[in-house]
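> Mind docking these for me? Both chains are given alone in their own frames, and the hints should help you get the complex.
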Amino acid sequence: GQSLEQPSEVTAVEGAIVQINCTYQTSGFYGLSWYQQHDGGAPTFLSYNALDGLEETGRFSSFLSRSDSYGYLLLQELQMKDSASYFCATNSGNTPLVFGKGTRLSVIA
Amino acid sequence: SQTIHQWPATLVQPVGSPLSLECTVEGTSNPNLYWYRQAAGRGLQLLFYSVGIGQISSEVPQNLSASRPQDRQFILSSKKLLLSDSGFYLCAWSVGRVGSPLHFGNGTRLTVT
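Protein sequence lines, in the order shown, are assigned to chains A and B. Numbering of the first sequence is given in the numbering used here, commencing with residue 149 and proceeding in unit increments. Numbering of the second sequence is given in the numbering used here, commencing with residue 400 and proceeding in unit increments.
By construction, these hints were calculated from the structure, which means they are not laboratory data. Any given hint could turn out to be false.
What the hints assert, rightly or not - Think about it this way: if two alpha-carbon atoms lie no more than 30 Å apart in a straight line, the pair counts; the simulated DSBU-like pairs of lysine-lysine are:
#: 1; chain 1: B; residue 1: K478; chain 2: A; residue 2: K229
#: 2; chain 1: A; residue 1: K249; chain 2: A; residue 2: K229
#: 3; chain 1: B; residue 1: K479; chain 2: A; residue 2: K229
To be verified - For each label pair, taking beta carbons as the anchor points, the in silico distance ranges come out as:
#: 4; chain 1: B; residue 1: V459; chain 2: A; residue 2: G189; range: 36 to 44 Å
#: 5; chain 1: B; residue 1: R496; chain 2: A; residue 2: E203; range: 35 to 43 Å
#: 6; chain 1: A; residue 1: S254; chain 2: B; residue 2: S483; range: 40 to 48 Å
#: 7; chain 1: A; residue 1: Q227; chain 2: B; residue 2: G495; range: 41 to 49 Å
#: 8; chain 1: B; residue 1: V459; chain 2: A; residue 2: E157; range: 20 to 28 Å
#: 9; chain 1: B; residue 1: H404; chain 2: A; residue 2: K229; range: 39 to 47 Å
#: 10; chain 1: A; residue 1: S254; chain 2: B; residue 2: Q412; range: 29 to 37 Å
#: 11; chain 1: A; residue 1: H186; chain 2: B; residue 2: Q469; range: 28 to 36 Å
#: 12; chain 1: B; residue 1: G415; chain 2: A; residue 2: S156; range: 17 to 25 Å
#: 13; chain 1: B; residue 1: G495; chain 2: A; residue 2: T192; range: 14 to 22 Å
#: 14; chain 1: A; residue 1: T171; chain 2: B; residue 2: R496; range: 20 to 28 Å
#: 15; chain 1: B; residue 1: Q454; chain 2: A; residue 2: D216; range: 35 to 43 Å
Ideal placement from N, C-alpha and C gives every residue a C-beta, glycine not left out.
For reference, chain B alone in the conformation it holds in the complex (with noise of 0.2 Å):
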């Protein structure tokens, strides 16, 4: 079966500091990967997503940046955090066509103080 692991579940971060947040897949081939960013109480923006090795479409222009280093990795990073960056970061894949179900990690909770 698959699975998606996704690491912190918590971090707290000073503002100016790098992150690197990072997303693995297992169980499948060629996952479509997605970043989406939740603020507290809010729904679910897209950041990026990935339909293969070195393939990063980006939706919204901010101080992050994603890349994918192997066929089942995503990783999210930012090399100066802004407090605005504070959010509930989920990582997904989906299998076939972009649009089509996406299951979700476990999320990390990032507060940027």
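Chain A with its partners taken away, still in its complex shape (with noise of 0.2 Å):
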């Protein structure tokens, strides 16, 4: 089976950085993807790491460590619309993903 941690909430401040961690038990991992949900909305696609190191699009970077089965979402000059749910996935092969219970981001002023 599969099982990914992340903390439940953070909080930060405006212009601020970010990072919100996720660590995952998984048999045959093929990659850490990242999603962002606003309240009452759907999940959308923001990331996906399959190699170690670091990825950037533009504010938001994700890095992946496979030996410690350890990622990261970070987020730079925060702004109040990131304030969401931001949710780990991983997926074996070809299988479906399975998401992290998610963390709320709630950026203050």
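Structure representation (structure tokens):
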């Protein structure tokens, strides 16, 4: 089976940097994905890491360490609109994504 | 471009009533289709997925069922709803391997009373 652990809540100040961690246990790990979900909305895909290292997409970056079964999502220059829930997800080969329980990010002024 | 339509957006149903939620995808062929459920303030639970017409994989045994009568149509059904079926139901699609990035519909918020 697969399981993922991520903090339930994080609070950060507008303009700052925040890191949301995710640790996972899975057999046959294939990659780590991140999704953003605003209240009442649908999740949207943010990033995917299959190899170790950092992937950057604008203000968002995602990191993976396969040896540590660990990854994180880094959000820079935080904006109020970044307040949302963020989910990490993994899959094993040709299997559907399994999601963590999500981290609720609150950006404060 | 690809789009996904899911309806209705909200639904209030009494316990014991039937359920039918529909999802269609446009702009892609032979997508993988998924139904997820999200309880209030919780994570996403995979209910069913399909890699082709008539091919349904069930992840969680319960009183729900899914069908894929056409390539780009995915239906979630129940004969008799339970209170515990309340939640936010999300349809999603992907292409290629089953674990590839998901594209979600806007969801259906179901309240069973």
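> Hint by hint, say whether it matches the structure.
Comparing the hints with the structure gives:
| no. | hint | result |
| --- | --- | --- |
| 1 | B:K478 to A:K229 | violated (40 Å) |
| 2 | A:K249 to A:K229 | holds (21 Å) |
| 3 | B:K479 to A:K229 | violated (40 Å) |
| 4 | B:V459 to A:G189: 36 to 44 Å | violated (24 Å) |
| 5 | B:R496 to A:E203: 35 to 43 Å | violated (19 Å) |
| 6 | A:S254 to B:S483: 40 to 48 Å | violated (29 Å) |
| 7 | A:Q227 to B:G495: 41 to 49 Å | violated (32 Å) |
| 8 | B:V459 to A:E157: 20 to 28 Å | holds (26 Å) |
| 9 | B:H404 to A:K229: 39 to 47 Å | violated (26 Å) |
| 10 | A:S254 to B:Q412: 29 to 37 Å | holds (33 Å) |
| 11 | A:H186 to B:Q469: 28 to 36 Å | holds (31 Å) |
| 12 | B:G415 to A:S156: 17 to 25 Å | violated (34 Å) |
| 13 | B:G495 to A:T192: 14 to 22 Å | holds (19 Å) |
| 14 | A:T171 to B:R496: 20 to 28 Å | holds (24 Å) |
| 15 | B:Q454 to A:D216: 35 to 43 Å | holds (36 Å) |
Taken one by one, the earlier hints fail for this structure at numbers 1, 3, 4, 5, 6, 7, 9, 12, listed in ascending order.
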